[in-house]
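Asker: Take a look at the letters that make up each chain.
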Amino acid sequence: MTAVLASPRIYVPLAALILFIAAAPWFSPFYLNMAILFLLFAIWGHAWNIIGGYGNSLSLGHAAFVALGAYVPTLMLRAFDLTPIVGAVFGMLAAIAVAAFVGWVTFRLKGAYFAIATLAIITLLHYLTLHFRGLTGGAQGVSVPFRGHDPLYLQFSSNLYYFYILLVMAVLVTWIMQRFDRSQFGYHLRAAGQDEAAAQSIGIDTRQVKLWGFMMSAAITAAAATVYAQFIYHLDPFYVVHIQLSILILLPAVIGGPATVWGPVVGAALLVPVEQLAQRELGGTYAGAQLILYGLVVILVLRYLPEGIVGILGRYYSRLLARLPGGDDIGGKSKPRRQSD
Amino acid sequence: MSDLILDVRGLTAGYTEEPIIQDMGMRAERARITGIIGPNGCGKSTFLKAIVGIVSPTSGQVMLDGSDVTYNTPFETLKYGLAYIPQGRQVFADMSVLENLRMSAYTLRDETVIRGRFDEAFTHFPRLYERRQQLAGTLSGGEQSMLSFAMAMVLQPKCMLLDEPSLGLAPTMIEQIFETIIEMNEAGMSMVVVEQNINVLFQIADYIYILDSGRNRFDGNPEDVLKQEELLKLYMGVQA
Amino acid sequence: MSELVFVFQTLVDGLLLSGGYILIALGLGLIFGVVNYVNVAQAEFSMFAMYGTWVLWIALGLDPFLSLAIILPVFAMIGVAFYVSMVRAVRTRDHGVHILMTLGLAFILQNAALLIFSADVRTIRTAYSAASFNIGGVSINIVKLVAFLIAIALFFALIAFLNKTRTGRAIRAVAQDESLAAAFGVNVDRIFMITVAIAIALAAAAGTIMMPHLFVQPMVGQFFVLFAFAIVVMGGMGNLKGALVAGLIIGVVEAFGQVYIGGLAGRIIVFALILIILYLRPSGLFGRSAL
Ligand SMILES: Nc1ncnc2c1ncn2[C@@H]1O[C@H](COP(=O)(O)OP(=O)(O)OP(=O)(O)O)[C@@H](O)[C@H]1O
Ligand SMILES: [Mg+2]
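Protein chains in written order, with numbering that gives the first Met the number 0: chain S, 0 to 340; chain V, 0 to 239; chain L, 0 to 290.
Be careful, since some hints might not be right.
With the C-beta cut set under 10 angstroms, the calculated list includes, among others, these residues of chain L facing chain V [unchecked claim]: (1) A169; (2) A172; (3) Q175; (4) A180; (5) A182; (6) G262.
Derived from the structure by calculation, the hints contain no laboratory data.
No residue lacks a Cβ here, since even glycine has one placed at the ideal position from N, Cα and C.
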């Protein structure tokens, strides 16, 4: 145990995590909000990365899973007084069912069809939400009934609690992704995403593998969305059930580094603060200016850094770690030609 | 002193770092038929592609009728008068026969010239004229071969490179195609023909090159080549 | 109004509204079929064309339909710029890369429009905007009819261009076999550029002709492009004639859903239809026939 802890590969992120946990109570509401959104988008980014990064299947429909994870438990809470902790399970099941359906329809097709189908599903859900007003509240949206401080119902007197819940979830999901990255499942999904024909020729049922990946992705997205719903306590179909959110979800992984464990985390750590600060500084007078920036970043990263930011950042990070105590073996192991420059 | 239409020297080329053909040479005489044979996968098609510039050579030289066309694009080579008819009858499948010919005449602007060339092509291949409105993708294999020939003829090149014109065709079709080759040759066309069908090739070719693993192995008149029984057996499985 | 007249009225309304969507879908299909590129920002060009038409109307009093004479060439040039900056370098990469990059572009264009024109809804109401005539009880709005006829005319002009002209044939040849076309002297890069220019001009035309009966605000493109994708999927990716028929069908389906079920049912049916078609006939109702 101590041997493991002595490696900077472990103690640097751990120190950062502890610092993050300890500092949170002193965050101003603005920065606490930012931290919560960072965690949320890191989780969603991880989830998207499973199918969009590893599976190389561009999902434009992840807001649909957010919608199900947010709406289903909220509506159940309103109707049956069911705690969202249990409701979350139903939200996840609904998301898994939709993912299974869409994946089943499209994973036998090639190219852009999956993207189009996911676009269709989020649009469909958007209009369904607006249309069935009686059930969903329509364009007005729907609110989570206020219960005061009630932890069993995920309602708290302070947002700090949401921060810690999402932090636990983010660490858990990151850990899962770390294992996934090296698992046979991860390897198969990556193979299916990179070269479908080659993957099939070595006996991988690519459709099956992608289907599982998509379902797993949907479930994680919905689970985080349930917590998110309690945090924002009002669901607006023009944000929660909207393509725009789908796009915000895919950006951290795409920009951070698709099909990498840390890509979505780095991406979210970069994009969320930029977005929040830009919105605060420019929001009033230049509404939407921050999204122009987003658009530019996406285009430039895709054009010039297809590996994402961790592609470059990772190299500097490794070099840094190698200089820290206990880091003698790091550069040597993974990068044999470390000090050639 | 012979009159060379195509003079290829020391050509090395490939699709990756690894060269497929190495230091290959060929001298094709004007108004003659030069044959190329060699086992499957030895680089015959790659050799032709390197000559016309579809594959960029890493070294060597290609002289066409006295001008250096080594690093030209396929289209530039075509403008110099070197037409390449690829293996496998390539035509625009969703266009009619006439539209295919029009595409081959893409760089010609003069309508009367174009008409004249079409007429010429159609006299060679009356079958194509009957089917001029039919989609090329629905033509028979032989007809597609004819079309791809006709498309090259429209450009009136100085020299034609044919990559296995008989591949996958019925014997009567093969005969017809080779008759056309002879006819065009007698009219003065220089030709380089890659063939697996050695019996036919030996009847029409004036000079033969044998390739092996991306290198020249032997060359000579058909009579000389036929004397190399060992070679023929080894590489072609031919019972000479 | 008798039931039959009402049915016809709905049919006509649906048909007349489909013109703009068809033009956007044609552009999408053209770029996809020839350049093998997926442009999700296609309808953002329509949105800007709507603003352009609106500005010409406000500033110069130019009739929206006449402004096509300015909008088309200007957006063809914009299409060239789009090709050079966004398409050329990534053309051979995954469709996913195209989609993400053009999503980025859509973000930029939407929010640029927001900055320039604000979120206010803009409309053009000409003197003849409300004019309509009556056939057997079915009322036909002139502005919608003109828009529809222009769309259909542009469709046939495009088909004729592709089939009858040298450049058009080259476009089809490149769509079928890029390297063979190059072998006969076609400058493939230039053909791609022309194709994209035409596609963007079509998207712009869509915006301009819809302006007199619809409205513009920065997010309209997001909706248009979804409809266009529905048409492209139904008609078969890259199948232009399929896009025309699918556009008409989808226009009618939406109108009937809206009138007979109410609310957003029309749209719900359209997007459910995409999934159904992808399941039953992924190549579209009319197949994937080449250009
Ligand atoms: N586009 C390509 N990319 C990579 N390698 C290729 C490509 N085309 C051909 N090769 C390889 O180059 C080698 C020579 O191929 P080439 O087509 O020139 O052979 P060939 O002599 O024409 O064979 P055949 O008689 O079967 O037509 C083969 O090993 C082939 O696998
Ligand atoms: Mg060959």
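Asker: For every hint, state whether the structure bears it out.
Answerer: Results for each hint:
1. A169: Cβ of A169(L) sits 6 angstroms from chain V, so the hint holds.
2. A172: 5 angstroms, holds
3. Q175: Result: holds, 5 angstroms to nearest chain V Cβ.
4. A180: A180(L) check passes; min Cβ-Cβ to chain V is 7 angstroms, inside 10 angstroms.
5. A182: 5 angstroms, holds
6. G262: Violated. Min distance 43 angstroms.
Violated hints amount to a single one, hint 6; each of the other numbered hints is respected by the structure.
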